[in-house]
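*Asks:* Given next are the chains, with one letter for each unit.
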Amino acid sequence: MSDHNSASEHTPEHISEHISSLGSCLAIWLALLAGTTLTVAAAFIDLGPFNTIVALTIATIKATLVVLFYMHVKYTHEKLTGLVIVSAIFFLFILLALSMADYTMRLWR
Amino acid sequence: MFGHLPLWPDSASTNAGNVDALYIFLLLVSGIMIALIFTVLTVFAIRFRKRRGQRAVQIEGSHQLEVTWSIIPFCVMLVFYIWGAVIYFQERTPPQDATEVYTVAKQWMWKFEHKGGQREINELHVPVGRDVKMIMTSQDVIHSFFVPAFRIKQDVLPGRYTTLWFRATKAGTYHLFCSQYCGTQHSGMVGWIKVMEPSDYEAWMSGGGNQPLAVTGQKLFAELGCVTCHRSDTQGRGPDLAGVFGKPVLLQDGRTVTADENYIRESILEPGAKIVQGFKPVMPTFQGQVSDEQLNALVDYVKSLAGPQSGRPADSNPAAGASPQL
Amino acid sequence: MATAVVSDSGERETYLNAGYGLKSWLLTVDHKRIALLYLISITFFFFIGGFFALLIRLELLTPAGELVQSDTYNKLFTMHGQVMVFFFLIPAVPAVLGNFLIPLMIGAKDLAFPRINLLSWYLYIIGGTLMIYTILNGGVDTGWTFYTPLSTEFLKTNVISAIVGIFFAGFSSILTGLNFIVTIHRMRAPGMTWNRLPLFVWAHYATSIIQVLGTPVVAITLVLVALERLFHLGVFNPMLGGDPLLFQHLFWFYSHPAVYIMILPGMGIVSEIVCCFSRKRIFGYKAMTLAVVGIAVIGFLVWAHHMFVAGISLYAALIFSLLSYFVAVPSAIKVFNWTATMYKGSITYQTPMLYAFGFIGLFTIGGLTGLFLACLGMDVHVHDTYFIIAHFHYIMVGGMVMAYLGGMHFWWPKITGRMYPEGWGKLAALIVFIGFNLTFFPQFILGYLGMPRRYHAYPAEFQILNVLSTAGATILAVGYLLPMVYFVWSMRYGKPAPPNPWNAAGLEWQTHSPPPTFNFDEQPVVTWEAYNYDEIDEIPEKEEVPVAH
Amino acid sequence: MHTSQAVADKPEHENPALLHHFATKGQQKNAASLGMWLFLAQEVMFFGGLFCAYLVYRYKYFGDFGSASQQLDIRLGTINTVVLICSSLTVVLAIRAVQLGKRMALVFWLLATILFGLAFLGIKANEYAEKFEKHHVPGTSFSYHELLPGQEKFPAAERQYANPHHAEMFFSLYFAMTGMHALHMIIGVGLFGFLAYKAWRGKYTPDYYTPIENAGLYWHFVDIVWIYLFGLLYLIDRHR
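Protein chains in written order, with this note's numbering: chain X, 907 to 1015; chain V, 567 to 892; chain P, -8 to 540; chain H, 1073 to 1312.
Just chain X, with the same shape it has in the complex (with noise of 0.2 Å):
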């Protein structure tokens, strides 16, 4: 089975699952509380317009814990999984960042 796909070529039982400790599950669900009181804390400070990259930016922390450790990203051996994500967020970005640049530049003139 192992000419199935070149990424499955030596683990030939990849049932073989990460099981994850109880310990880094809880460990994972306080950082995310942690989180959270933290990006709501923050927006009662006033950083000026920091205030929105304080909050995307522990958003996106927390988004990275849930897919790393929640859905076993960082313990999967299959880089495509790797790959999806990559160019999902990529095409997401090329949609935000190219209408966004008409939107900021129609000020221009």
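Calculated directly from the structure, the hints in this document are not laboratory data. Hints may be right or wrong, so weigh each one.
Quick list of in silico lysine-lysine cross-link-like pairs, DSS-like style, CA-CA up to 30 Å [stated by the list, open to error]: (1) P:K14 with V:K616; (2) V:K736 with V:K677; (3) H:K1132 with V:K846.
One-sided and incomplete, this derived list gives chain P residues near chain H with beta-carbon spacing under 7 Å [unchecked claim]: (4) V173; (5) V203; (6) P207; (7) V208; (8) T212; (9) L221; (10) F222; (11) P487.
As the structure is a computational prediction, the values presented were derived from the model and not from experiment. Cβ coordinates follow ideal geometry from the N, Cα and C atoms, glycine included.
Dock chains V, P and H against the given chain X, drawing on the hints supplied.
*Replies:* Just chains V, P and H now, with coordinates in the frame of chain X:
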């Protein structure tokens, strides 16, 4: 019924010549490409047709060839790009002293108003040899102002101005089309651009005893109470509008915008959108209280406050009566 | 295997005789049967869309617009566009030929998710039913582009049912793409490495990327349009502070790449045909694979070239124009490589090859006129005129439909186990080619003259070119009906096809015609490169021309 | 390449969970997992259209969005965020349970997830109801006159002349985005209900639990969407 077979549209503006030159260049280059590919295809098709006892020769491919036939066409395309971009840039940059015509599009007609206050529907008179700038907005859906003989086109949007300019070179009557699908009578939203010799044009313009647009605007400016805040003394709660148009404006949030037609329009309809530095957001919105035509008049009045500009067209002399004290 | 000609076709179990009841078709999970379900449905929609097209052309015969009312005309071009784009062009090659052939070409028993495949078809049928309902209930006149605020605030027609129909068709397309990507990654036969994949499979892989990542954007955009009609949400309504250009951005973010959903599979077909009938491996396999993936990716960066006169920022227009030229490079590479493939070949001219020639020629013209439209100064004049109409019909009809018909002829023996009549095939190809050019070439001239699109009545000076175009359309209609007739005829009366009538490379030709339910008698193992025509032709041919006449 | 090993493990076809067209369980599981990830990529773009609209209008109507955002109940929003994070934990624990072969634990954690999901939806419904009462639902009955009750930090003039259409745009996007998110939650809750029933019947074992895993991926994705929605809708301009 069948007239001659037309192959080339009328060419009646400075821009038309530029676009035609580009078109001919594009036609030539792509004609050469097509001839090349079709010739090679035909030659291969005949030369390498199946023959008894002769087998195909397998060829892997060639990186040099791939690179060559990527880079050479791309360089040619860059020429297209730059040439096209230059024309586009010119088309989108109206000269400072152009004669202005305000346009309001609606389902399914074109309404024009000259600076002198003359109004026209589905017909626009313009002079030969003078720059004309169209300041356009729509009352309902998206339309598009398209004059094939001038090779110009611009969508006309509800809720904001779009602009476009041309300089006619040949007297005559030319098609005006709405080229953005706008509902039932889309194909009926057509009109004529009448390009006249300057002398005829002056005669036509002086025909009616209209009130110049800026004067209409000035009256509105007083009626709507704008004068109470927008004045030059220090008690003005709003910024003094004299000399504002066409200049950069520093906003409260640190941005700088140029005070163009859209900026003035927006400031009337959505005063809170861009607050000028040093002022409070106290102006009420006039959304729903002024029609598009009145808005045009107000915009034109504010523009006339920018002070006398060199080369102001003679047909419209709105700045004459307007005092910067207002 | 190719020698095992099946004479006892009555005995051997194929996917066609595996079951006969209606249930065995409507509940099938066999990709080949689902492909046939799609074939029937898209053909149905093709003729509906074609019927609208004929009415449009008849209406444009005279300048005054006497045949139908302007309202009716607006509905005709709207429904022509919506039916053709969403219910024919986008599903045509992937859902019929791709569905049938991808598992066969990679040596799999089925697609990765057979039940999702069937679900895709049902979603398509639900969408199609809603479209039919829309048509019967009085039609819709938004234009296929649904531009706001016209579609949201001003029209009183069946906009919502059309949108919901297209939404379903969209999800059908997403699931098909998803299924293909997973299948190509996970289901390849032993030895079928990425570098041995036929270009048809590569093309579908690239197409699927667009289907999965592009379609959802138009889905949510159309949902917003529907919500705006229902609840006055105002996202695209300038009266409520919305920006109609945002709709155009979101719409074209999908609908430009959608053009590549239509053309890339066609390119895959042409690659197969050109190699087979030149008896050669493809020239520059690597470049061809890079080109399809490149087109799919760069295709996402160019959408606002549909909006150069819409009121976008001047600088954004400059960026999008430049990016549009980047996508032309891989397209050019493909044309050059097909041409180079014929060099020192041993070319024969069966029907599929005629279509391939037609494709290359028409795609070249369509592609080159695309350069005109990417060119800012040029686009301002020809935007929203018949120049655009001609350009995209050269790509979609001259390109995609030509390739689709070529592919149908090429694989018809595999699909049905019968040969089509070769003479009629060649005749139809010729008629389609002539009819197509007569229909659409005059429209380039009309466009530069300035005739706007979607015009029900037009100035009299445009008439003679419109008459030519309408004449061409009638010829084209004959060209499309002809294959329909002889394909149906051949299912009963055609010569039984051998497993490999063209002596072609590719796994799909190594199984029976038509294939058994699980495609191969035993799991194939691939030890050769794609298009190994040198090895195939080394086997002395028994007959000089193994194909039917 | 590895032609000699072709179809080495035919016997696997005795496994009833293995569909006919796959050669091995590993292949089947990998296919399902890749399919799910692609589906999520599709979902990213689906929500992406909404995020694009949000970004454009946030940019255009920066101040109005800030003040309209204050009309949302940040307490309920925070509670809902916590609820969703907890539900993500229960999903992870459910997967852990099935990996360890604990059937009842699996059922328990799935039910817990459903409960959290319903709690989220209940709170959301509450928020929606409040919006209806305050006429903050976009449409003909939308009203923004009682803007910012008791928020003296805004000058009266600013309140008076704030553009209601821009606030309406905020609420349009709020309803579109959270509504689409809630729809995904409802689908997820239904999915977990179905899986819990199947799990109770003992369908899932450490050998075969792909549906649980994929439903988990879906749920986490919906959670991530909320994390961003919370930041973008509830937390802007709270400091004023």
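*Asks:* Now tell me, hint by hint, if it's right for this structure.
*Replies:* Status of the hints after comparison with the structure:
1. This hinted pair does not check out: P:K14 and V:K616 have alpha carbons roughly 47 Å apart, beyond 30 Å.
2. Of the pairs offered as hints, the one joining V:K736 and V:K677 holds, with about 23 Å between alpha carbons and a cut-off of 30 Å not exceeded.
3. With a C-alpha separation of about 19 Å, the suggested pairing of H:K1132 with V:K846 holds against the 30 Å cut-off.
4. Taking 7 Å as the C-beta cut-off, the interface hint given for P:V173 holds, the closest approach to chain H being about 5 Å.
5. Here the hint on P:V203 is kept, as its CB sits about 5 Å from the closest CB of chain H, short of 7 Å.
6. Taken as an interface hint, P:P207 checks out: its beta carbon lies about 4 Å from the nearest beta carbon of chain H, inside 7 Å.
7. The interface hint given for P:V208 is met, as the beta carbon of that residue sits about 5 Å from the closest beta carbon of chain H, less than 7 Å.
8. Hint status for P:T212 relative to chain H: holds, with the closest Cβ pair at about 5 Å, below 7 Å.
9. The closest approach between the C-beta of P:L221 and any C-beta of chain H is roughly 9 Å, which is over the 7 Å cut-off, so the hint fails.
10. The criterion of a C-beta within 7 Å of any C-beta in chain H is met by P:F222, whose closest approach is roughly 5 Å, and the hint holds.
11. A hinted interface residue such as P:P487 counts as satisfied when its beta carbon comes closer than 7 Å to some beta carbon of chain H; here the least separation is about 28 Å, so the hint is violated.
Violated hints, in rising order: 1, 9, 11; the structure is consistent with all others.
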